[in-house]
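Given chain A's structure and the hints, the job is docking chain B onto it.
2 protein chains.
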Amino acid sequence: MITSTTNPQPADFADVRATNLAVVLRFVREHAPCSRADIAASTGLNKATVSSLVADLIDRRLVRETGLTENRVGRPATMLVLDGSPYAAIGIEINVDYVTAVAVDLSGERLLSWRRSFSGAAGAPGSGTADVPGSRGSGTAEVPGAGGAAGPPGPSGPAGSVGQAVGTVAAIVRRVVGRMAKQERQVLGLTVGVPGLVGTDGTVLVAPNLGWRDADLAGDLAKALRDPGFPVQVDNDANLAALAEHRFGAQAGTADLVYLTGEIGVGAGVILDGRLRRGGRGYGGEIGHIQLDPLGPECRCGRTGCLEAVAGIGAVLRHAPLSPAEVEVELEEVVRLARAGDPETLALLSGVGRQLGKGVSVVTNLLNPQVVILGGYYVPLAPWLLPAVEEETRGRTIAPDGGGCRVVASTLGYDAAALGGAARVLDSVDSGRLPRVS
Amino acid sequence: MITSTTNPQPADFADVRATNLAVVLRFVREHAPCSRADIAASTGLNKATVSSLVADLIDRRLVRETGLTENRVGRPATMLVLDGSPYAAIGIEINVDYVTAVAVDLSGERLLSWRRSFSGAAGAPGSGTADVPGSRGSGTAEVPGAGGAAGPPGPSGPAGSVGQAVGTVAAIVRRVVGRMAKQERQVLGLTVGVPGLVGTDGTVLVAPNLGWRDADLAGDLAKALRDPGFPVQVDNDANLAALAEHRFGAQAGTADLVYLTGEIGVGAGVILDGRLRRGGRGYGGEIGHIQLDPLGPECRCGRTGCLEAVAGIGAVLRHAPLSPAEVEVELEEVVRLARAGDPETLALLSGVGRQLGKGVSVVTNLLNPQVVILGGYYVPLAPWLLPAVEEETRGRTIAPDGGGCRVVASTLGYDAAALGGAARVLDSVDSGRLPRVS
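Sequence lines, in order, name chains A and B.
Numbering follows full-length UniProt numbering, in which position 181 of the first sequence is assigned residue number 181; successive positions increment by one, without gaps.
Numbering follows full-length UniProt numbering, in which position 183 of the second sequence is assigned residue number 183; successive positions increment by one, without gaps.
In case anyone wonders, no lab produced these hints; they're calculated from the structure.
One should not assume that every hint holds.
Computed spacing ranges between beta-carbons, pair by pair [said to hold, decoys possible]:
no., chain 1, residue 1, chain 2, residue 2, range
1, B, Arg116, A, Ala48, 53 to 61 Å
2, A, Asp201, B, Glu109, 48 to 56 Å
3, A, Gly253, B, Ser113, 40 to 48 Å
4, B, His31, A, Ile58, 31 to 39 Å
5, A, Ala325, B, Val335, 54 to 62 Å
6, A, Glu109, B, Pro383, 54 to 62 Å
To list a few chain A residues with every Cβ distance to chain B over 12 Å, as calculated [said to hold, decoys possible]:
no., residue
7, Gly84
8, Gly219
9, Ala224
10, Gly341
Fair warning: this is a prediction, and the values are worked out from it, not measured in the lab.
Don't be surprised by glycine CBs; every beta carbon is placed ideally from N, CA and C.
Just chain A, with the same shape it has in the complex (with noise of 0.2 Å):
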């Protein structure tokens, strides 16, 4: 089966019998419990064709049948559901100072959810700091040796602090393969995210706070895995948080939908008629340095006024650059003064809400979405920001009533690009890129 969303292009001409399996098992997961002749109903594949399928998804242990039977006129027909038990998908966050780790069933289950600290920051200026400063995502800090201090210094360069990283990443995934391997579950595949310019063929092109340049981290973790039997993707962590929302989150399922990454550095993950819009290379979602007021500070770019400058969560603090621990505590210091009612404070957070409204109108002049979603450190300040968001963004947007649009904080967490890793490999088997009978 089929979408008459469908663009002409030869990529369309794909295996039908794969994608009809896939579309089958979408419906059984959207409908269970569900019977043969239900699927027949709505898909439109005729009962011998369904039947042929379901045989095939249960072979996979992908469906499995409950016993029950519908209880209506004429003869009883046996109900399906999804079988998540005999799989897992694995999702990975590698940030500067820590990676995370999550793992999923095939109804998205969390099966597990490490955090790890990890000394992966750039080192000091000419130590292999990539030059396109401030690319999207949780960019924390680009302080000289925020967090090299304690880790180990890493050989100059990029390629010894991608090896680095490599190394620290293929310890955990063997180890969460092993958890998996004892619950006898197979892995589907492996998604990493990284905070940086990902190309569509998942090369990183530079992930500055990292200090990695033109790093393809997915081959060398598949080296490093000595060749895994699963697929190793990566992903821009903006992205693939995006991804976790529409799957997982509060607003799962909503078709147009922009996350935007609270950090030191802003991304935007941009979801369009239900799927993630990287763009030609892949490369969108770069709304951190889009000029607000050419009159602004200067940012880490070396422009002046960028979104990130007068919005991200730098403008929120008293001192900057800082390391990402000395955030979180300043954080929870401007937290208390908020809640307290501390004038200044309110008064802080009510103009960087204002002018992160201004960028979130951009987003919606432009695309029109139903709903942008703040996440990272955007969360805990989210109910003073949000007012001044809203009010700036429905004043700024052409459309009446902001088009529609409502701006709310995310619900998933710090673990939101590592859950999202998990939910692109799901969205895998949901496009037809089913395991295989073991």
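Structure of chain B alone, referenced to chain A:
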């Protein structure tokens, strides 16, 4: 058949046969002449199914056999090509002072192209001019009475204004349909482009320069045409121009493409992953009122420093506001001065180009398209605007080399939106809305 980029929504579970027919039809358009075996091999559909689908397409006169056979080992195969001759798609653009109509056949051949003057401008302030000013689209001049002097004044209020347009357009459509009937062509559908906010259901929420609000133009037109027997749709003119570029333009087939209208108003049509992205309610593409400079000149919308205030055609001309006819006269003078190397004119165009580049960089950072196409009045000015646009875009885009985005002038001329109306009809056919067997 199928795409592997389907998203899991109930809408996917459409009629399989209709979609498979469309898949075969698209394959024939892209690969003609081709055999049934070629189709089966590439689509994964089995040969019996392909034979049945092709027979259906031949019955519908969408595909025909050439009589030629492929030169190869084994049984000779009859070759198939598109049969465009029995059909036509109609596109109409309504603007402040003219209505444009085009008709094309199934393969996109232009069958006719008409332009007719039309006094559709909103009346004097207060006579029904909608209060959401400056929506994107070819919003040429909000001059009180522009064009209205020569035309009938029309009843006061939006309804009257819409009624006048419906009468004019219906008359034109009847003539086009008559012409097509003489060629024994069946009309597959009609799409009307309007400069304003058009909802996903086709309702014109507001078209400021026409003075319309909440207009059911499609419904009114269908009534005026007394149930014409083909679908009537309405869309934003920038959206349609983007569709025209995607199907007929020099950049046809580019998956990620943004079209910018260059009029007094500036609007965008956004194509990502091969399809128009309208946003949740259809109000995306409103790039004209993104603020580029808070201290910039006042905009028609009441804010300051909007893209269209600093980089719309009004920023190039000395006298504003002007009627569209006056704009063209003054534009010719600007082109003449630029050609003559007049320093003041060159500096002016370079400055406008820089501002426009700033706006384009919002698009390249957020969406990373492969190409941005400048339309409307930007086209004659392109030789002088483009260098500054490109330099500014590159300088402001975080991804190196502007993310690979080229900025080019449209080659479709002033017919772009009307052509896009016809393109949208052909897109419907591609998506499975095939003509019935007559």
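Going down the list of hints, with the structure as the test:
1. Distance hint check for Arg116/B and Ala48/A: the Cβ-Cβ separation is about 56 Å, which falls inside the suggested range of 53 to 61 Å.
2. At roughly 38 Å, the beta-carbon separation of Asp201/A and Glu109/B lies outside the given 48 to 56 Å, and the hint is violated.
3. With their beta carbons about 43 Å apart, Gly253/A and Ser113/B fall inside the hinted range of 40 to 48 Å.
4. Distance hint check: the CB atoms of His31/B and Ile58/A are about 37 Å apart, consistent with the given range 31 to 39 Å.
5. Look at Ala325/A against Val335/B: about 60 Å separates their beta carbons, and that is inside 54 to 62 Å.
6. Checking the proposed 54 to 62 Å range against Glu109/A and Pro383/B shows it holds: the Cβ atoms sit about 60 Å from each other.
7. Taking the minimum C-beta to C-beta distance to chain B, about 16 Å, the non-interface status of Gly84/A holds against the 12 Å cut.
8. Every CB of chain B is more than 12 Å from the CB of Gly219/A (nearest about 21 Å), matching its label as outside the interface.
9. The non-interface label for Ala224/A is consistent with chain B: the shortest C-beta to C-beta separation is roughly 28 Å, beyond 12 Å.
10. Chain B leaves Gly341/A outside its interface by the beta-carbon criterion, the shortest separation being 30 Å against a cut-off of 12 Å.
This entry does not satisfy hint 2, going by the numbered hints stated previously; all others are met.
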